[in-house]
Amino acid sequence: MGSDTFTQLVDANYAPLYRFALSLAKNQADAYDLTQQTFFIWARKGETLRDSSKAKSWLFTTLYREFLRGRRRDVRATALEDLPPDEADPPAPAVDVVSAMDAEVVMNALQEIDEVFRAPLTLFYLEELSYQEIAQALDIPVGTVMSRLSRGKSQLRAILAQRDKGARGNVIPFSAQRLRQTP
Amino acid sequence: MNNEQARFILGAYRPNGRDAGDAVFCEALRQVKADPGLGAWFAREQAFDSAVSAKLGAVIPPPGLREAILTGGRVSTAAPRPLWRLAPWLAVAASVAVIFTVAATYWIWSAGSGRADLGQMTRFALTDPFSAHTGPHADKLGALGAWLEDPASRISSGAPVDLAQLKAQHCRTISVAGHEVFEICFQRGSWYHLYLARRGDFPAGKNAGAPVFLEQAQRSAVAWADERLAYVLVTHGGTEALRRIL
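Taken in order, these protein sequences are the chains called A and B. In this text, residue positions in the first sequence follow the numbering used here: the first is 4, and each later residue adds one. In this text, residue positions in the second sequence follow the numbering used here: the first is 16, and each later residue adds one.
Worth flagging that the hints you see were computed from the coordinates, not collected in a lab. For glycine and all other residues, C-beta sits at the position ideal for the given N, C-alpha and C. The reader is advised that the hints may include incorrect statements.
[Claimed, not checked] Taking lysine-lysine pairs in the DSS-like style, the calculated list, with each CA pair at most 30 Å apart, reads:
id	chain 1	residue 1	chain 2	residue 2
1	A	168	A	29
2	B	182	A	29
3	A	59	A	29
4	B	182	B	155
5	A	48	A	29
6	A	48	A	59
7	A	29	B	155
8	B	182	A	48
9	A	57	A	29
[Claimed, not checked] Some residues of chain B that are not near chain A, with every Cβ distance over 12 Å (derived):
id	residue
10	29
11	204
12	261
I would like the entire structure built from these sequences, with the hints used as guidance.
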């Protein structure tokens, strides 16, 4: 692969890949290493991929596999499919509330979502892959992607609503403050 | 399709509209147009998804990541593919090329002018994001660590290195061009990062004992080799800080 082509591939994908890695690994150092490792593997093996249009999917797939390889999957992660369905969608915080939040707050909320839902949901919000490509990247059926997106969004709404409530709870309404009188 | 099914499917519809041509969504989207209640839900869902996407897109990767990836990629691209994975005629051609390259490298090496491989290790060290490392520092590495931080030690003169022991002590290792490189952080006024590898993995010229100094993006490096090992020492403290302890 030519140096220019590799540079173009990196420029087009390293930022979304890092965001995906950060949502999975939950810390910058590991996300950094995961992103770097993914391109390292591409440099060694990516040339075997004949269809260059699939490079993006290949990178996300590889990053996810490297993440899974890097840590032992715990019992909870494998058993989450058996959890009972959510009773009802929690109320979502208003869009302008989400827009007013720091990106870090939203990323932290994503990181709190159960891992099986977090991976497809982050890929969905990155908007780089379709639901079909997400299914291929995570090696799960298309229906499972849709189901996990639905469950993941429910969790995200609940967490963001909680954050919003917590943030507003710390603000003392102006009317409740006693005005200090000056002599 | 009832509204519940339509909601389930449309939950996977990206807010940037890239899925508009996907047949799976068509029926659900028609239903959105026909049912005002479903339409209102979909508008709220898309606005929420769009806001979350925008926040996710605002997360900035750490500085230096892009450069580290590009350098790592170039280094690893240099590693040859296994011959058995190539077509037979290509394998023959590759074999001839390898033999020619080995012969040429040996010739250059013999002439004492080749530093390509130690150069690779140096380039890696100059762009390695060592600020993100979590491995043990010199104070956890026993005699070698103490020696490195001893103000009287000259780093280029016989460091007591045992690579097997470093591995056992969980010293950070990196694969550069398929070869193992160890990194040790230590402090002597400035912070230093010493990269070590087997000399056979990163051959340099006959004159490689003479240190070569390089500077790049506020980092200074010096590379040298002895009979057993290849070394690259990096610091933010400038070339003078390297000379002080060399």
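(request) Check each numbered hint against the structure and report the violated ones by number, ascending. (result) 10
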